[in-house]
Structures are given as C-alpha cells and as structure tokens.
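Novice: Chain by chain, the residues run as shown.
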Amino acid sequence: MKISFDDPGFIKKLKYLLYISIVIFILMGFFVDFHPHFGWEEVPAFFAIYGFLICVLIIFGAKAIGRLIQRREDYYD
Amino acid sequence: MIEPVHPAFIFIIGVLLLPLLKIKRLKQIYLLLLPLLALIDLYSMPYGTYWTYQLMDYTLTLGRVDSLSMVFGYVFVIIAFCAMLYALHVKENGQHLSAYLYVGSALGVVFAGDLITLYIFWEIMAVASAVIIFYQRTDKAIGAGMRYILVHATGGILLLGGIIMYMNATGSYVFDHLDYGVPGTLLILLGFIINAAVPPLHAWLPDAYPEATITGAVFLTAFTTKSAVYVLIRGFSGLEILMWLGAIMAVYGVIYAFLENDIRRVLAYCIVSQVGYMVAGVGIGTDLAINGTAAHAFCHILYKALLFMGAGAVIYTTGKKNLTELGGLYKTMPLTLILFMFGVFSVSGFPLFNGFVSKSIIITAAGGMHNSIVYAMLIGAGVGTFLYVGLRLPYFMFFGKDAGLKAKEPPLNMLMGMGLVAFLCLLIGVYPQILYNILPHSPVDYVPYTASHVIEEMQLLLLAAFAFFMFLAHVKKAETITLDTDWFYRKGGRAFMWFITNPLAKGSEMALAPFLSMKDFLIWFSKNPKRAFFLGLDLLEYNLLGKIHGLPPEESLELLNREKSTYPGKPVHRDPVGDAVIVSLIFLFIYTIYYLL
Chain A
0 MKISFDDPGF IKKLKYLLYI SIVIFILMGF FVDFHPHFGW EEVPAFFAIY GFLICVLIIF
60 GAKAIGRLIQ RREDYYD
Chain B
0 MIEPVHPAFI FIIGVLLLPL LKIKRLKQIY LLLLPLLALI DLYSMPYGTY WTYQLMDYTL
60 TLGRVDSLSM VFGYVFVIIA FCAMLYALHV KENGQHLSAY LYVGSALGVV FAGDLITLYI
120 FWEIMAVASA VIIFYQRTDK AIGAGMRYIL VHATGGILLL GGIIMYMNAT GSYVFDHLDY
180 GVPGTLLILL GFIINAAVPP LHAWLPDAYP EATITGAVFL TAFTTKSAVY VLIRGFSGLE
240 ILMWLGAIMA VYGVIYAFLE NDIRRVLAYC IVSQVGYMVA GVGIGTDLAI NGTAAHAFCH
300 ILYKALLFMG AGAVIYTTGK KNLTELGGLY KTMPLTLILF MFGVFSVSGF PLFNGFVSKS
360 IIITAAGGMH NSIVYAMLIG AGVGTFLYVG LRLPYFMFFG KDAGLKAKEP PLNMLMGMGL
420 VAFLCLLIGV YPQILYNILP HSPVDYVPYT ASHVIEEMQL LLLAAFAFFM FLAHVKKAET
480 ITLDTDWFYR KGGRAFMWFI TNPLAKGSEM ALAPFLSMKD FLIWFSKNPK RAFFLGLDLL
540 EYNLLGKIHG LPPEESLELL NREKSTYPGK PVHRDPVGDA VIVSLIFLFI YTIYYLL
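Note that the protein sequences, when read in sequence, are chains A and B.
Taking numbering that gives the first Met the number 0, the leading residue of the first sequence gets 0, the next gets one more, and so forth.
Taking numbering that gives the first Met the number 0, the leading residue of the second sequence gets 0, the next gets one more, and so forth.
FYI, nobody ran anything at the bench for these hints, they're computed from the structure.
There could be a bad hint or two in this list.
Said to hold, decoys possible - Simulated coverage check for chain B against chain A, where a stretch passes if three residues somewhere in it have a Cβ under 8 Å from a Cβ of chain A: (1) 252-265; (2) 378-388; (3) 450-461.
Stated by the list, open to error - Simulated restraints, written as ranges between beta carbons of each label pair: (4) 20(A) / 425(B): 13 to 23 Å; (5) 59(A) / 39(B): 44 to 54 Å; (6) 334(B) / 14(A): 19 to 29 Å; (7) 25(B) / 11(A): 53 to 63 Å; (8) 408(B) / 14(A): 26 to 36 Å.
C-beta: ideal position from N, C-alpha, C; glycine also.
Could you put together the complete structure from these sequences and hints?
Specialist: In structure tokens form, the structure reads like this:
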C-alpha cells in the first residue's frame with residue numbers, strides 16, 4: 000500500500016476507514032451499559048452526535064468571533 | 000542513607016558551577032546529570048517537614064514533602080531532563096543557567112511549607128522565565144518579555160500584599176488551605192491566578208511563549224502554570240468559583256487556538272485550555288477531582304512539552320512558524336511527525352495515551368457534581384482540543400498544500416528528547432497505575448479502560464474528525480492575529496505614553512517658560528549692564544515718543560536695531576573691586592530705603 004497523502008486512492012481508503020470505525024463505535028454503544036451521570040447521556044449515540052455538533056459549533060463560532068477580533072499581524076507595531 | 004538535599008538547590012547551585020566546565024561534552028553530561036541526581040534525591044526524601052531555617056523573626060520551611068508535592072516534584076525533574084536533552088545543542092551558558100534556575104525555583108515553590116518561602120521562589124521563577132524569553136533577542140521577544148515582566152511583577156506584588164494581609168489577620172504564615180474569606184486571600188488568589196493564566200489575566204502566555212527561544216519555550220510550558228496549579232490545589236481546593244473559571248478557560252483557549260496562525264501560539268492557547276481543566280478540577284475539590292488535577296498536570300507537562308518540541312523542531316529546520324507558510328512536511332520530516340502525533344493523541348485524550356487516563360478523571364468528577372453545564376463545557380473543550388491540535392495543526396503543518404519547504408529531521412538530541420517524552424506518554428497511557436500510585440489520594444477510585452469510557456471517547460473523536468474534513472474549506476488559516484485581553488494594557492499603555500509626552504509635556508513646558516525667559520534675560524543683561532541699561536532707555540523712548548531724541552523715526556529704528564545687534568559690543572572691562580563697590584552700594588541703598596520705611 001503506497002502511503003502518499005497526495006494519492007486520491009489512498010485518501011479514499013482512509014475515509015472509508017474513518018466511516019467504518021464511526022459506525023463500529025456507535026454500534027458498540029448500544030451493547031454497553033454506560034453509567035450515565037445525566038439523563039441525556041442515555042441516548043446511545045449521544046457522544047457521537049455531541050461531538051459532531053460541538054465541532055460544527057466551534058468551527059463556525061470561531062469564524063464568527065474571529066471576524067470581530069482578528070487583525071493584521073502588525074497591528075501592535 | 001545520605002541526608003537528602005532540597006532538589007531546588009541541586010539545580011540552582013549545580014548550574015552555577017556550569018561555567019567552570021569548558022569542554023562541550025563534559026558540559027552536556029553535567030547538565031543531564033543534574034536532573035538525574037535530583038530524581039535520586041526525590042526518591043530518598045521521606046514525607047514530612049524539614050529544611051527549616053530562621054530568617055529574622057520567621058521560620059522558613061523549605062521542605063514540606065507529601066504525596067501532592069512529590070507528584071509535581073517528580074514530573075518537574077523528569078521534564079527538566081527531557082527538555083535539557085532537547086536543548087543540549089545550545090552553546091550559550093546563560094540559557095542553561097536561566098533554565099535550571101527556573102526549574103530549581105519551581106521546585107522550591109512546590110516544596111515550600113510557608114508563604115514566605117513560597118513568595119521568594121515565586122519571584123525567582125518570574126525573573127528566570129523572563130530571562131529565558133529575552134534570550135531569543137528579537138524585537139518581538141524583547142517586547143513580549145517586557146510585558147511578561149510587568150504582568151508577573153504585578154502578580155508578585157498582589158501575592159505579597161495578600162500574604163502580608165493574611166499574616167496580619169491570622170498571625171500564621173503556614174501554607175495550607177487558605178479560607179477564602181480571610182483578608183488577603185483574595186489577593187493571594189489573584190496572584191496565583193495570574194500565573195495559572197486564567198482569563199482575563201492570561202494574555203501574557205500566548206504573547207510571550209511563542210516569542211521565546213525554541214528550547215526555552217519547552218521549559219516555559221512546564222513550570223509557571225503548573226506550579227500555579229499546585230498552589231491552587233494546596234490553598235484553594237474546593238473553591239467553587241474556580242470550577243466555573245476553569246470551564247470557561249477551557250473553552251476560551253479552544254476558540255482562540257482555532258483562530259491563530261503562529262503554531263506555537265496555537266499551542267499556547269492550548270495550554271490555557273488544558274490548565275482550565277486543572278483549575279476546574281481544583282474548584283470541584285473532591286478527592287477524585289484533586290487526583291484528576293494532579294494526574295492531568297503530570298500528563299500535560301509531558302505532552303505539552305512534546306508538542307512544543309515538535310513545533311520547535313519544525314521552526315528550527317524550516318525557519319517558518321506560521322501555518323500559512325507550512326505544509327507538506329510529512330515527506331521530509333516523518334519522524335518528527337510521528338512523535339508530534341504522540342503528543343497530539345495524548346492531548347486529545349485518545350485511548351492508549353496519557354491524556355485519556357488523566358483528563359477523563361476530571362470530567363468524571365465534574366459529572367459527579369451533577370453540574371451538567373460544566374460537564375458539557377469540559378467535554379466540548381476536549382472535542383475542540385482534538386479539532387485544533389489534533390486535526391488543524393498537524394494538517395496544515397505536515398499535510399495540506401505542500402509549501403515546498405526544504406526541510407529535514409532536526410538534530411539527534413532533539414529527536415531523542417521528543418522520543419523519550421513520547422515514550423512516557425505512551426507508557427502512562429498503557430499502564431496508568433504507574434501514575435495513579437503516586438497521586439495524592441491513593442488508591443484512585445477510577446478505572447479508565449472501561450468499555451463505556453473508551454466508546455464514548457472514540458465516538459467524540461471520530462465524529463470530530465469527520466466534521467473537520469467535511470468542513471475543511473472553512474477552517475482555513477489566515478495571516479492574522481487575534482486580539483486578546485492584553486489589548487487593554489497594550490493600547491492603554493500607548494495611550495498613556497502619548498498623554499505624557501504630548502499634553503502633559505506641553506503643559507509643563509508652558510508653566511516653566513516664563514521662568515526660563517526671565518533667566519535668559521538676566522544672563523543677557525549681565526553681559527554688559529551699562530549698554531543694556533541705555534539700550535533699555537532708548538527702547539523706552541522709542542516706544543513712548545516714537546523716536547529717539549535728535550533723530551527722525553526711521554533712523555531711530557535703525558539706531559535701535561543696530562544697538563541691539565551689536566550688543567554686547569566690547570565687553571565691559573571687568574573690575575572686580577569696582578563691581579563689588581557697586582553691588583554693595585546698591586545693597587546699602589535698598590537697605591536704607593527699607594530702614595526708612
């Protein structure tokens with residue numbers, strides 16, 4: 000297997016790996032009992048969903064905030 | 000059994016002897032030997048209180064050894080060894096001197112049994128770390144170093160004020176749990192918080208750490224903030240506001256880290272974020288939380304140093320420090336990449352690495368408090384951490400668009416330093432008991448490798464990766480800086496200086512001007528008083544009568560101007576006796592008048 004990140008075939012394989020592992024872990028969540036601290040933890044795929052949502056929030060939230068507080072690099076000089 | 004020495008002195012006094020060694024190899028061996036000696040020293044130190052000295056009226060306790068201080072002691076010495084291995088190629092003695100002075104004083108803080116000793120070592124730490132920053136010698140470094148000193152000096156004064164007030168109020172200066180309500184404790188807390196980089200007092204960290212030397216920055220990451228965490232645990236554990244501050248801090252660091260361009264500044268905000276976990280843990284205060292805080296501090300020192308080492312290695316070999324200028328390095332620096340990824344996986348909390356076994360303790364403790372907001376914030380910050388350190392940073396550094404940089408692997412000592420730390424990260428991740436056994440509240444009531452924990456963590460991380468690649472177009476890098484709370488004192492400082500040099504200066508000049516002109520006149524007059532006198536008379540005559548006697552107006556003006564310009568003319572023949580006579584006559588005259596009145 001050629002490990003070159005420029006090769007689109009390799010990237011595709013990596014993506015499949017990612018998707019499959021996501022599915023595996025979500026499925027595993029159904030078979031294990033958590034000891035939930037809070038009510039909303041009981042949904043089995045909770046952490047997957049939460050992780051995704053938080054990312055979206057951070058990516059776009061940071062961009063929005065960035066628009067307010069980002070300046071050119073020589074701002075202080 | 001040798002009588003143990005305070006480990007701080009092994010470093011401080013040991014490094015002072017460094018200039019005596021001239022041969023490079025000998026110096027390097029000596030520098031690496033010191034932390035090893037300190038490690039042996041730590042092993043031989045039993046729990047208890049010792050090394051007490053009398054200083055004037057006060058009894059200083061330099062050694063208070065218990066499980067909490069030992070945890071920090073061990074990790075400080077271990078990282079000192081690794082960081083020195085990384086820095087072995089540095090030829091300048093001064094840099095090693097300031098580094099070990101810094102390490103030694105941090106050890107002094109950790110083992111201090113009373114507030115006075117704490118303060119002394121605290122200030123030594125501030126000075127030594129500032130010197131480390133100055134050694135980079137760029138304009139930016141010097142500026143950042145100056146701001147660093149100002150912030151830390153202020154923090155030191157707050158701390159001192161607080162200590163004095165506390166001593167006045169309670170009469171004791173023993174350093175144990177400080178009840179928050181007692182006068183002075185607020186100031187002490189502020190002093191601690193500044194060093195722990197809690198927003199809004201945190202801006203010195205992302206300002207200064209990226210400007211320090213490549214090797215110096217590795218030292219910096221470990222000691223100031225972690226010793227602040229230690230003193231917070233010792234003095235203020237269970238203080239609820241710390242829980243909230245910590246959670247906010249964790250999220251704050253994530254947001255800023257995501258926007259930054261300089262790779263070490265991203266990592267600096269990551270420090271703020273991770274220390275937020277520790278501060279939150281202190282705030283929660285339960286045995287489990289304190290264990291988690293200490294464990295996380297231990298692990299964080301290791302992986303954060305590794306991340307800074309990796310970033311430093313990239314800067315060292317490519318000369319570039321911004322994400323906008325990097326990319327495609329996985330082909331030329333594969334070893335650095337792999338070791339860097341060890342750090343990345345650790346900070347993100349991937350199972351098998353040390354972050355997973357430490358950060359999750361704090362999160363579980365937060366869950367135990369049944370406070371869902373803090374719990375959610377900490378988990379969210381963890382996801383965010385993976386996003387920017389685990390995904391964005393390596394992606395734009397090593398992958399992404401190839402920047403075509405000519406790079407190679409860094410020198411062997413740097414790789415070895417990184418390798419050693421990476422090994423420790425993995426070791427603790429796989430055998431967490433090694434760490435758990437030295438935590439303050441043994442045995443630790445937490446099992447990291449349960450199915451539920453692993454599955455939860457993997458779900459979070461994998462979905463974060465998914466989101467990252469889905470929105471890759473939106474996470475682009477930009478050549479900007481982000482304004483932080485230091486805006487207030489940087490702009491404010493400039494405004495203050497402008498005020499002083501413009502309005503204030505002009506005002507004081509105006510007030511002074513009359514006196515100066517009077518002085519000038521007197522000097523001018525004294526050059527030739529006789530002529531000056533007659534000149535004055537002519538001037539008066541011209542102004543009153545329009546002309547000087549005997550001459551038409553225009554010619555009078557000419558005469559006047561000529562007199563003015565030829566003044567003082569031939570200097571009056573100095574006749575000291577005559578002068579003295581005149582002066583005394585004038586004096587007598589004035590006195591007579593006065594007498595007669």
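Novice: Provide an ascending list of the numbers of those earlier hints which the structure does not satisfy.
Specialist: none
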